[in-house]
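Work out the full structure, taking the sequences as your base and the hints as a guide.
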Amino acid sequence: MSNTVVQNATHQKIYITTCMDFQTLINELDHKFTIDVIDISPFFVEGEAWMYSAISKHYKESYESNYRLVFYFEQDFHQYESYPGDLAHAFQKCITSMDISPFFVTLITSDTETSNDLILSKNILATDKQNFYNIDPTVDITHYVAEDITCSHTPPLFVKGTTNCKKLWSHLHINVNGDVLPCCMSNHNYSLGNITQNDINDIYQSTYANKIRESMMAGKKPIACESCYKLESAGLESPRVAMPLEELSELNKDGTVDDVFINTIDIRLSNLCNLKCRMCTGNYSSKIAKEEYDEFGAEYKTLKFNDIKNPNQLLELLPQVEGIYFAGGEPLLMRSHYQIMDELIELKKTDIKISYNTNFTVIEYKNTPIADYWSQFSNIHVGASLDAMEEHIEYIRHGTMWKDIVYNYDRIINDDTLDIDFSITANINIFNAFNLIHSQQYWITNKELPPPKHNISILTDPPELSIQTLPFAYKKKLDTEISNHIKFLNGHNGHGLIKQWKKIRHFLWKSDNSAMLPKFFDNVDRLDVLRGESFDEVFSEYIGLREMQ
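Going by the numbering used here, the sequence shown opens with residue 93, and the numbers climb by one from there.
Watch out, some of these pointers could steer you wrong.
Quick list of the computed label-pair ranges, beta carbon to beta carbon [as the list claims (entries may be wrong)]:
id	residue 1	residue 2	range
1	V621	D443	48 to 56 Å
2	L340	H473	26 to 34 Å
3	E482	R638	18 to 26 Å
Worth flagging that the hints you see were computed from the coordinates, not collected in a lab.
Built from N, CA and C at the ideal position, the CB exists for glycine as well.
So, in structure tokens, the structure goes:
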């Protein structure tokens with residue numbers, strides 16, 4: 093074997109050990125160590141949950157000093173610019189999340205970029221704003237480059253397609269910490285700038301913003317927008333708004349914009365929230381942030397309206413804006429929401445489309461009913477995040493009182509001064525997979541809220557909360573309930589909602605993530621202790637699930 097020295101983008105020296113062929117290397121490692129050899133190329137077909145399962149089979153609390161886990165694949169798939177290969181990054185993430193020391197891990201590929209990818213991946217995980225990874229800076233995964241590697245799977249072919257999104261030209265999304273992102277779905281580690289430090293015009297005309305737009309126009313995928321591309325590759329709809337080719341042809345090819353014209357705003361100026369939802373983090377809930385600080389020492393930076401470098405620049409956008417989307421946290425608790433509403437009233441811009449994502453547990457602010465504001469606007473859309481009913485929603489969205497939700501709905505709907513488009517936006521996941529069906533039937537039958545007023549998003553991340561984590565027997569049971577629910581919806585003009593449930597059924601069976609079940613229960617039990625709750629008492633539909641880990 094011989095060593096080759098290369099330098100990555102941060103000028104770190106990386107030693108790549110090469111050999112004549114794969115089998116020779118395996119023989120040498122086998123002579124030196126006790127080894128297990130694992131082909132991880134099925135990741136390209138089976139995904140990250142499969143990799144987690146494959147690696148977890150070799151996990152031990154401790155290893156003998158002469159033991160090595162030897163993983164291999166041939167070539168990686170680099171679908172995002174300036175980002176590690178898909179397999180290398182997923183591999184590094186799985187090893188790190190399972191707390192397996194890199195000391196015991198060897199990776200063999202024929203891809204010379206893998207060493208750089210592993211270093212880049214490690215740096216990304218160490219600075220991840222949305223997750224906590226325990227990174228050991230002193231030890232790296234050992235990487236060998238070998239020839240004649242035979243794997244069970246090869247990476248997919250790269251297909252250049254339309255990857256652009258209109259939001260990069262005309263949409264403003266401000267996250268709870270002041271980061272300006274392409275949209276709410278964006279990877280939060282790749283902000284365009286921060287509104288506490290930069291003016292909006294400077295952010296949208298920055299080198300980085302221009303680079304993302306230029307990449308999109310060339311049919312490339314910027315990593316900032318990976319969430320939408322992942323949804324689309326799974327056959328699901330994403331919030332990406334592609335521009336027609338004729339519109340693209342009129343734009344600057346280098347991604348620059350001559351004038352910044354924002355016509356829609358998604359504003360989340362705080363993580364202030366009164367709930368602790370099982371699918372959420374401290375990024376979007378001040379209650380969870382307190383919990384995570386007490387347990388992990390994690391701290392989240394949040395924004396106040398007056399923290400904006402120039403608050404007037406946001407208010408000055410309002411005359412040209414056609415739509416504003418308020419989310420949080422819980423927007424109906426935030427002072428900034430009412431400051432903007434007051435400004436709109438002052439501007440007499442009360443026909444603007446105002447949309448909400450709200451947990452709908454509070455409809456007053458400092459003893460002022462929200463109806464006092466909404467009655468002055470003609471285009472209010474309320475999307476209530478109601479994923480379940482009764483004790484299920486009270487568990488899933490800790491702090492919710494089901495009777496208050498019903499009371500708030502009756503109060504708003506029966507208010508003759510209001511003309512509100514009310515809908516329910518649910519997120520289907522392992523917690524509510526069965527109860528969501530009962531909840532929809534309750535709202536449709538008891539509250540006469542028709543199927544077109546229901547929308548369902550499918551949780552894909554974190555994978556342990558996905559319905560794909562259900563074992564076969566529970567998937568089969570859920571599939572039967574979905575079939576019966578579709579029959580119910582057929583009798584209530586529910587064609588659009590039926591399409592959504594058919595997509596859910598397809599997603600359910602597309603992948604087997606059941607290996608994530610132990611991770612699911614680890615998180616469930618940890619939070620049950622903290623919050624004084626019991627999964628087993630609430631979820632009678634999952635009797636026996638715990639034993640299938």
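**Study point:** Distance restraint evaluation - E482, R638, Cβ atoms, bounds 18 to 26 Å
**Key:** Holds - the Cβ-Cβ distance for E482 and R638, about 22 Å, lies within 18 to 26 Å.
Point to revise | Whether the CB-CB distance between L340 and H473 falls inside 26 to 34 Å | key: holds, 29 Å
Review point. Is 48 to 56 Å right for how far apart the beta carbons of V621 and D443 are?
Key: holds, 50 Å
Hint compliance for this structure: no hint is broken.
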